[in-house]
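Quick note on numbering: this note's numbering labels position 101 of the sequence shown as 102, and the sequence is numbered without any gaps.
Keep in mind that the hints were calculated from the coordinates and are not lab data. Keep in mind that a hint or two might mislead.
Said to hold, decoys possible - Label pairs and their in silico Cβ distance ranges:
hint: 1; residue 1: Ala-286; residue 2: Thr-167; range: 39 to 47 Å
hint: 2; residue 1: Pro-38; residue 2: Gln-289; range: 47 to 55 Å
hint: 3; residue 1: Pro-120; residue 2: Pro-43; range: 34 to 42 Å
hint: 4; residue 1: Asp-168; residue 2: Gly-83; range: 39 to 47 Å
hint: 5; residue 1: Ala-286; residue 2: Arg-239; range: 43 to 51 Å
Quick reminder that beta carbons are idealized off the backbone N, C-alpha and C, glycines included.
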Amino acid sequence: MCAARNPHFLSRRTALKGLLLTGAAPLLAACQSEIYPKHLQPLPASLRTKMLRFAVTEADPIFMRIFKEESELEVWKRGPTGQYLLLESYEICTWSGQLGPKFQEGDRQAPEGFYTVTPALMNPNSSFYLSFNLGFPNSYDRSHGRTGSHLMVHGACSSAGCYAMTDEQISDIYGLAREAFEGGQRGFQVHAFPFRMTPENMARYANHEHFPFWQMLQEGYQHFELTRLPPQVDVCDRRYIFNAEAAGQFSAAQECPDYRMPPQLELAFNNAQREYQTAFEVALAEFQPEGFTVPAAAGSQPVLIADTPAAPATLTTPVQPAIAQPTVAVAPAPVPAPTAAPAPVAPPIAPPATLEAVAPAVPAPTLVEAAPVVPEPVSIETVVVEAPAVPAAVEAVVPVEAASPVEVQTVAAEPAAESTLRGGFSARAGSLFD
Numbered sequence: 002m003c004a005a006r007n008p009h010f011l012s013r014r015t016a017l018k019g020l021l022l023t024g025a026a027p028l029l030a031a032c033q034s035e036i037y038p039k040h041l042q043p044l045p046a047s048l049r050t051k052m053l054r055f056a057v058t059e060a061d062p063i064f065m066r067i068f069k070e071e072s073e074l075e076v077w078k079r080g081p082t083g084q085y086l087l088l089e090s091y092e093i094c095t096w097s098g099q100l101g102p103k104f105q106e107g108d109r110q111a112p113e114g115f116y117t118v119t120p121a122l123m124n125p126n127s128s129f130y131l132s133f134n135l136g137f138p139n140s141y142d143r144s145h146g147r148t149g150s151h152l153m154v155h156g157a158c159s160s161a162g163c164y165a166m167t168d169e170q171i172s173d174i175y176g177l178a179r180e181a182f183e184g185g186q187r188g189f190q191v192h193a194f195p196f197r198m199t200p201e202n203m204a205r206y207a208n209h210e211h212f213p214f215w216q217m218l219q220e221g222y223q224h225f226e227l228t229r230l231p232p233q234v235d236v237c238d239r240r241y242i243f244n245a246e247a248a249g250q251f252s253a254a255q256e257c258p259d260y261r262m263p264p265q266l267e268l269a270f271n272n273a274q275r276e277y278q279t280a281f282e283v284a285l286a287e288f289q290p291e292g293f294t295v296p297a298a299a300g301s302q303p304v305l306i307a308d309t310p311a312a313p314a315t316l317t318t319p320v321q322p323a324i325a326q327p328t329v330a331v332a333p334a335p336v337p338a339p340t341a342a343p344a345p346v347a348p349p350i351a352p353p354a355t356l357e358a359v360a361p362a363v364p365a366p367t368l369v370e371a372a373p374v375v376p377e378p379v380s381i382e383t384v385v386v387e388a389p390a391v392p393a394a395v396e397a398v399v400p401v402e403a404a405s406p407v408e409v410q411t412v413a414a415e416p417a418a419e420s421t422l423r424g425g426f427s428a429r430a431g432s433l434f435d
């Protein structure tokens, strides 16, 4: 016969068990660390919870950004829509040098620029707990004769030309990269900036010696801010080029081939840059002395800004006048005016064929204003009927504008040699700008 259990005894026993388990939690964590090598440590529950909330998986691709002045390292994950979501932001323990790029071995400068980390650059046996090499110097750095080696993001919170994290932080960051590689990502981009490239920050440093270089970095920063996609990065003529589609190959030290961005991205980028420039000029008046001259840009794509706006204007502006002008031709009631100007009647009637031939080159409003002077309504209607010739000119212009993207798309199917680590922007952007 079983004796009845004392409920108070059970409660005390349960409480004691709970206390033991609570006290054992650190020991269990320590045991887990002993079970798994440091480079194979599972991601912490906090990161897995965030990924679940963002509907992303450990295997989804990653992207990183570094900001020196703010001492932040961001890790982004590709989300369900294809755009990237900010998963976690880590405070950099320490970074080496000053604001500005790295120039040579031994200058103790942490690099700035656009780098790609491949599995071969991951170091599970680092003397700094864990680390990965940024890949400095890249093709841009080499084209400028910059030297250096072993420029890393690592643990141990000690830096001599690197970006140093705590061991716990680098364990998380290393684990995220490891899982992305196992999921099939062949390389992830790391963008290293001196600061967040806002108009206000750029204005604060407009008189800095590295400002022309930072103007170029700002373009790459803008591409990601605009699309939430890591841009395709190429180098030619010793400068960075972003999301470019070209018929020829890009070579860092040689002249750039003919290139352009996808039309919809080009339009969106130029609009964003115009807004940035307006805000920059306002901030410049606040942060810099009167009469200060901004140094010439060393960037890549401002040259496209001058060429692009004409394209959308050709497609949109003429269409509306073609519809609106016939209304204006009927509405004006200057018919009573013939009594005031009978003399000019003969000249307008004489060359109807000439008006018809010139119509495509002369704006529709000019023909409409001339027509009311004619006292014969029949002649006016005849001129208005010829107005549709203007849309015909528009139709002749539109195919010319459309031909460029077709040529670009054909070439985009033949990626450059360095494109094996990433797909073209058009393939990844999908319908973001549709």
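Results of checking the hints against the structure:
Taking the beta carbon of each, Ala-286 and Thr-167 are about 41 Å apart, inside 39 to 47 Å as hinted. Our hint of 47 to 55 Å for Pro-38 and Gln-289 holds, since their Cβ atoms are close to 53 Å apart. The hint said 34 to 42 Å for the Cβ distance between Pro-120 and Pro-43, and at roughly 19 Å that hint is violated. Between Asp-168 and Gly-83 the CB atoms are about 34 Å apart, so this pair departs from the stated range of 39 to 47 Å.
A beta carbon spacing of about 32 Å between Ala-286 and Arg-239 contradicts the range 43 to 51 Å that was offered as a hint.
Hint violations for this structure: numbers 3, 4 and 5, all remaining hints satisfied.
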